[in-house]
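Asker: As a plain string of letters, each chain reads:
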Amino acid sequence: MKKIEAIIKPHMLDDVKATLTALGVQGLTAYEVKGFGRQKGHTEIYRGNEYTIDFVPKTKIEVVVDDDLAPRVEDAIVEAARTGKIGDGKVFTYDVESAIRIRTGERGPEAV
Amino acid sequence: MPNVNPGDTSWLLASAALVLFMTPGLALFYGGMVRSKNVLSTIMYSVIAMGVVTILWALLGYTLAFGPDVGGVIGRLDFAGLRNVFGAVTPYAPTVPMPAFVAYQCMFAIISPALISGAFAERMTFRAWVLMLAVWSLAVYAPMAHWVWGGGWLQQLGVIDFAGETVIHLTSAGAALACVLVIGKRRGHGAEEYHPHNLPMTLLGAGILWFGWFGFNGGSALASNGIAANAFLATHLAAAAGMLSWLVVEAWHAGKPTTLGAASGAVAGLVGITPAAGFVGPGAAIAIGLVVGAACYFGVSMKSKLGYDDALDVLGIHGVGGVSGMILTGVFATVAVNAAGKNGLLAGNPALLGSELVGVVAAFGYSFLVTFVVLKVIEKTVGLRAEPDAELSGLDLSEHAETAYIWQ
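So the protein lines, in turn, are chains L and X. Be aware that the first sequence starts at 1, since it is given in our numbering, and climbs by one per residue. Be aware that the second sequence starts at 1, since it is given in our numbering, and climbs by one per residue.
These are computed hints drawn from the structure, not numbers from a lab. Predicted model only: the values in this text are computed from it and were never measured. Hints are supplied without guarantee of correctness; some may be wrong.
What the hints assert, rightly or not - Subject to a maximum C-alpha distance of 27 angstroms in a straight line, what follows is the list of computed DSS-like cross-link-like pairs (lysine-lysine):
(1) L:Lys90 x L:Lys9
(2) L:Lys85 x L:Lys40
(3) L:Lys34 x L:Lys9
(4) L:Lys85 x X:Lys256
(5) X:Lys303 x X:Lys185
(6) L:Lys34 x L:Lys90
(7) L:Lys34 x L:Lys85
(8) L:Lys34 x X:Lys37
(9) L:Lys40 x X:Lys256
(10) L:Lys60 x X:Lys37
(11) L:Lys9 x X:Lys256
(12) X:Lys256 x L:Lys34
(13) L:Lys85 x L:Lys60
Using the sequences and the hints given, assemble the complete structure.
Answerer: Structure, rendered in structure tokens:
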């Protein structure tokens, strides 16, 4: 099993989710994060003072899938989340040691 | 009850409610501007005044401010504990029942110290503030109200201040300066950047302040008449002009007009018109709003040049706005608008400027001195400032064992 993490622009989440669901991915976790890469922050003004905000809001998603589905999931995320502008994000893939479904106790690929 | 006028009484009671509403409004205005870990403690600095000042006002504050004058300095204890109030009428508002006047003035006594909290937000302990608040209310606010409105020496000297620039705004600014000097800067000041955590809250607070200010200025006519209507209208014009003035300057100077700027500009205009509302015409009200809005925009940048940490710009807005408002009152006041007022510079009486400046110095200076001394005493006894760890994890937790926003 593979865990695929992606940091994407928040407004791309719906497209990514739709694409993954169409591929047969049955579960996904998403959370709001902030971060920066080579995308620079922005300037905000409070009562005449300028502040540079380094962090940019992002969304991080995680999916755990069978080994053979993983490459297609990676490609799907990249395709759906790309806007072509700086700050599109990154995709990382890791090995998963074990997976358990809490409700039934199933282990391994059946739990995914 | 002789001569009680129903119109005057209803407007005064309604105005009292409007002014009271300004204190939770102020709490939200300030609350939105601090970091989320301190929002409740910031709100509480204002809210607690509603409790503490009210009771002290009943016990002693009212009589010290508006009791029969003793030597131009203080009021006699005839109304201590609010005895002799029911069924009576005050010479300062002869057409309303005294309880209405007591209630109205109480609301000003409440909001005045609450304004100071913007200066020391995010670091003063609740306990220290309650002590400071109680002493300040009786030792600064009540005497000041007496000096300007209760037959005291500033009134005798010819200072005119329709709704309390000196009594409320300049005293708060003087106290704010004392606070920033004694309590010092927030942890990380200069290295860290602090951002408002909830600007919608601040904008809501600003709206409530604007709304309540109609009672603050309009009710200061202490009657339901043309002066009240004029003050109401002048208040509105100045708020609008102040907002626009700030936004124009901000867009030119910093690049964008901001919502915080709109709120701040409106408040600046309102501060500026406070002494003048019942003494000037609509054109002057707009002019005052325009000037004070711009002046306060630059006023808030004073702190970065001078290096003190006035967290929420009490000096930049109530200080600079207060001084400007008094000066402009000295310029624009005219008996053509209010026969019970005075003429200012443009109406041929430059002497009024002098009186207004005396009022400014007396209010700011007296409040500064008393506050400074009291703060030093508190600092040496129970302590003034939250511990560094408490400041880091937030005063909501250290002072009130609460968290404002729990996600779940």
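Asker: So, for every hint listed, does it hold in this structure?
Answerer: Hint check:
1. A distance of roughly 10 angstroms separates the Cα atoms of Lys90 of chain L and Lys9 of chain L; the hinted pair therefore holds under the 27 angstroms criterion.
2. With a CA separation close to 12 angstroms, the supplied pair Lys85 of chain L and Lys40 of chain L stays within the 27 angstroms bound.
3. For the hint linking Lys34 of chain L to Lys9 of chain L, the alpha-carbon distance of about 10 angstroms falls within 27 angstroms, and the restraint holds.
4. Of the pairs offered as hints, the one joining Lys85 of chain L and Lys256 of chain X holds, with about 25 angstroms between alpha carbons and a cut-off of 27 angstroms not exceeded.
5. With a C-alpha separation of about 11 angstroms, the suggested pairing of Lys303 of chain X with Lys185 of chain X holds against the 27 angstroms cut-off.
6. Restraint check for Lys34 of chain L and Lys90 of chain L: satisfied, since their Cα atoms lie roughly 13 angstroms apart, inside the 27 angstroms limit.
7. Among the hinted pairs, Lys34 of chain L with Lys85 of chain L is consistent with the structure: their alpha-carbon atoms are about 18 angstroms apart, no more than 27 angstroms.
8. A hinted pair counts as satisfied when its Cα atoms are at most 27 angstroms apart, and Lys34 of chain L with Lys37 of chain X qualifies at roughly 19 angstroms.
9. Taking the CA atoms of Lys40 of chain L and Lys256 of chain X, the gap is about 20 angstroms. The hint holds against a cut of 27 angstroms.
10. Only pairs whose Cα atoms come within 27 angstroms are accepted, and Lys60 of chain L paired with Lys37 of chain X is accepted, the gap being roughly 25 angstroms.
11. Simply put, Lys9 of chain L and Lys256 of chain X have alpha-carbon atoms about 25 angstroms apart, close enough for the 27 angstroms limit, and the pair holds.
12. Annotation: proposed proximity of Lys256 of chain X to Lys34 of chain L holds, straight-line Cα distance about 25 angstroms (limit 27 angstroms).
13. With a CA separation close to 18 angstroms, the supplied pair Lys85 of chain L and Lys60 of chain L stays within the 27 angstroms bound.
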